[in-house]
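Novice: Read top to bottom, the protein sequences are chains A and B.
The first sequence begins at 0 in numbering that gives the first Met the number 0 and counts up one residue at a time.
The second sequence begins at 0 in numbering that gives the first Met the number 0 and counts up one residue at a time.
Any given hint might turn out to be false.
Stated by the list, open to error - Taking lysine to any residue pairs in the SDA-like style, the calculated list, with each CA pair at most 20 Å apart, reads:
| id | chain 1 | residue 1 | chain 2 | residue 2 |
| --- | --- | --- | --- | --- |
| 1 | B | K397 | A | S151 |
| 2 | A | K368 | B | K6 |
| 3 | A | K397 | B | S272 |
| 4 | A | K59 | A | L46 |
| 5 | B | K6 | A | S67 |
| 6 | B | K59 | B | V127 |
| 7 | B | K59 | B | D131 |
| 8 | A | K52 | A | K397 |
| 9 | B | K368 | A | D231 |
| 10 | A | K246 | A | G224 |
| 11 | B | K6 | A | S47 |
| 12 | B | K397 | A | Q116 |
| 13 | A | K368 | B | E265 |
Everything labelled a hint here was simulated from the structure, so no lab data went into it.
For clarity, every value in this text was computed on a predicted model and none was experimentally measured.
Number of protein chains: 2
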Amino acid sequence: MKPSIPKGTRDFGPVEMARRNYIFNTIREVYALYGYRQIETPSMELLSTLMGKYGEEGDKLLFKILNSGDFTRSVSTADYEAQNAPQLAARFCEKGLRYDLTVPFARYVVQHREELQLPFKRFQIQPVWRADRPQKGRYREFYQCDADVVGSDSLVNEVELLQIVDEVYRRFGIRVAIKINNRKILTGIAEVLGAADRIIDITVAIDKFDKIGLEGVNAELLADGLSQAQVDQLQPIITLSGTNAEKLATMRQVLSSSEAGLKGIEEVEYVLSQYEGAAEASLDLTLARGLNYYTGCIFEVKALDVEIGSINGGGRYDNLTGIFGLPGLSGVGISFGADRIYDVLTQLDLFPREAHAGARLLFINFGEKEGAHCLRLARQVRQAGIPTEVYPDAAKMKKQMQYANALQVPYVALVGEQEMQEGLIALKDMTTGEQQKLTLDELIEKLR
Amino acid sequence: MKPSIPKGTRDFGPVEMARRNYIFNTIREVYALYGYRQIETPSMELLSTLMGKYGEEGDKLLFKILNSGDFTRSVSTADYEAQNAPQLAARFCEKGLRYDLTVPFARYVVQHREELQLPFKRFQIQPVWRADRPQKGRYREFYQCDADVVGSDSLVNEVELLQIVDEVYRRFGIRVAIKINNRKILTGIAEVLGAADRIIDITVAIDKFDKIGLEGVNAELLADGLSQAQVDQLQPIITLSGTNAEKLATMRQVLSSSEAGLKGIEEVEYVLSQYEGAAEASLDLTLARGLNYYTGCIFEVKALDVEIGSINGGGRYDNLTGIFGLPGLSGVGISFGADRIYDVLTQLDLFPREAHAGARLLFINFGEKEGAHCLRLARQVRQAGIPTEVYPDAAKMKKQMQYANALQVPYVALVGEQEMQEGLIALKDMTTGEQQKLTLDELIEKLR
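Produce the entire structure from the sequences given, and follow the hints as far as they go.
Specialist: Next up, the structure:
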């Protein structure tokens, strides 16, 4: 019976790990370059921290941890019979696994508010757990890579977060397009139409413009219950096109009577004007992610050369920490999806050579005496910073070479009795098959 | 009501994270330098993988995860009444959190054996969870940093693992002593005495030699039930001293009739002769860690300048993967304790400047126009790889400087209207208080 792992979870072998580390390190470096500082929170949070923060569906997807010791103590048989699973779970369990990085961050800010200097710019790269039904590309344990700043209303934060996105994908070599919208623009549209509760229907319908055309969208809006007058009013929005400046000018007219709408336009205009990144950023009114959550600018990133959903998103939210009793703190953040980035880099064959795990050099082991000699040589090669292995056993040459090939070690060192006497190392280039005799210094020079 | 976290768990703020990353990165780099390759396994394992692997006490310390959905489905009220907590836990839960990195590694090797090239040298740096009673220095979530090689009996592995230990502590600047012993030597002692079951009592008693002297140890051994003849035989072992060579020579005489004992001496002799590290390594017969687990060489590392327990340990074990149906694979490994290393580095004030989180430069924000200008300057400074912040709001100067101080940002850039006109940046050194006007290129040169 072969052992296995829980469904929806994954082992990461050396090759995957090297690639994942490349992704995490790149994101980490760019976050740090912008002055974001890393924190980590415990994998387990109290259920009182997590419950009710992700909606009813979210509560069901929390992994709950059974209390240690006699967890049944306070639950009588009568209670067991009378209560349903969620009620019993709440009594058997006081802890749960982190569901995202945002709620623990809010909890962290409130718990440590006296030590924190605001604005607080933090990033966090940790796994989260969700009891989702496992399916292709959806896992029960996966990493999130979030950066957020709380305690500053300034749009400078939005600008820098877009620059971070741009820089990360530039480093990856992934061509992306950044979509930007603003919750206040959506509020403005609803205000102007007098249809505050229809904004989701409206954005969903507008989003289909490319597929079903103007008539199709209009038909859908009417079917959604909007009046002909409202649909007429929406025409410039549905067909909105041109440069960002043109779009913003049109929207400024359409929303001229809405204070919120004009404020949203002004914010988008400022962010777009200061961003100056290489990746194209454009206003997209159909972007409406997490409508109940975000309150200002919203972003989303799409890869241009791969058919895949959003690989990145973020936005501004007010009152993140209010749920934990600290109101009035505004925040803005972004989140990179490591798994999607992994898939994009794989599909486009963009992982660099450095994202390869393992030694650059393997010393073949010809026996005890030669092995001891190679151990000494290997130490010196390592002192030059070159990852190096000595094959531990004096196994058959074929087996040792097979090992080098399987691990894609680019160079192999052969030091037999003759080379020991000469004070040289026979170095084989595993790619070309060429072999040459070198001094230790020459070898280090070549491999460095 | 201030939010909190489960007892025994920790938040790591930016300063702690920078220091922890320094520890993990150092260990990771040295492991990689020796050709060990990183893997990660899921936080959750099936309880069938974990249960029974850590003894009865260990089973109690596993954190178990409640099954999703209606976890009560298969447990009737009668069963609930009849069964005890462990039995019910086994029915309510099929998954548990990783308790160490060794069992998941063994599971990994067996599950992936067809993809693996042996010998398999892996390292793994991940948290583990134990429902221990929380106390000072003991946590319910903590990181382990393990390296193991399976599928090779060669002592070259032991030698390299000691070199890794030596190199890691050399990089940290922590002076350590390495203790080495061999399970076979202990077996030999028991064989020679004809007291195979007393080996733990014997090592415990010998370990007190420095405190209670020869007579004290002898008295304790007699009290433990050893005969006077056995205690007499043990005298050269209790008073063992001198160089490693002298100790080995004495032991070779004492154990001359034990094949296992002589084999153990030979192994220790080989490892000590090839090790060649800077930290002193010495034979210590009182070292008997995890006696039921290890089968060959055993190591332990102590910091010389701090009163703290072992900061590192390891050894060779046979048949690690046998529990999962793959017998005959020998392995040897080491484990670094990140929390203890953190404490030692803190006590000895050894964290380097690079283990500091945050920006090297902060641009003060004088208003919208200046802020926009600084955003552009900051981008160029970042392109030179210098972590840089722009204070997002045009807050009072005092508040911005307070922010720089709190985050220990070493340099602050002041660019007002005048500097904008001059094309210069006023750079303030926050340590000396000195201020000078520089071009952007000069500033980058200075901070790089």
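Novice: Each hint should be assessed against the structure and marked as holding or not.
Specialist: The hints, checked one at a time:
1. Taking the CA atoms of K397 (chain B) and S151 (chain A), the gap is near 16 Å; set against the 20 Å cutoff, the hint holds.
2. Between K368 (chain A) and K6 (chain B) the CA atoms are separated by roughly 54 Å; this puts the pair beyond 20 Å, and the hint is violated.
3. Annotation: proposed proximity of K397 (chain A) to S272 (chain B) is violated, straight-line Cα distance about 29 Å (limit 20 Å).
4. With a C-alpha separation of about 12 Å, the suggested pair K59 (chain A) and L46 (chain A) falls inside the 20 Å cut-off, and the hint holds.
5. For the hint pairing K6 (chain B) with S67 (chain A), the CA-to-CA distance comes to about 12 Å; that is within 20 Å, so the pair holds.
6. For the hint linking K59 (chain B) to V127 (chain B), the alpha-carbon distance of about 15 Å falls within 20 Å, and the restraint holds.
7. A hinted pair counts as satisfied when its Cα atoms are at most 20 Å apart, and K59 (chain B) with D131 (chain B) qualifies at roughly 9 Å.
8. Proximity of K52 (chain A) to K397 (chain A) is assessed by CA-CA distance (about 59 Å); at most 20 Å being required, the pair is judged violated.
9. Using a Cα cut-off of 20 Å, the hinted pair K368 (chain B) and D231 (chain A) is violated, with the two alpha carbons roughly 40 Å apart.
10. With a C-alpha separation of about 27 Å, the suggested pair K246 (chain A) and G224 (chain A) falls outside the 20 Å cut-off, and the hint is violated.
11. For the proposed pair K6 (chain B) and S47 (chain A), the alpha carbon gap of about 14 Å is at most 20 Å, so the pair holds.
12. Between K397 (chain B) and Q116 (chain A) the alpha-carbon distance is near 13 Å, which keeps this suggested pair within the 20 Å criterion.
13. Between K368 (chain A) and E265 (chain B) the alpha-carbon distance is near 16 Å, which keeps this suggested pair within the 20 Å criterion.
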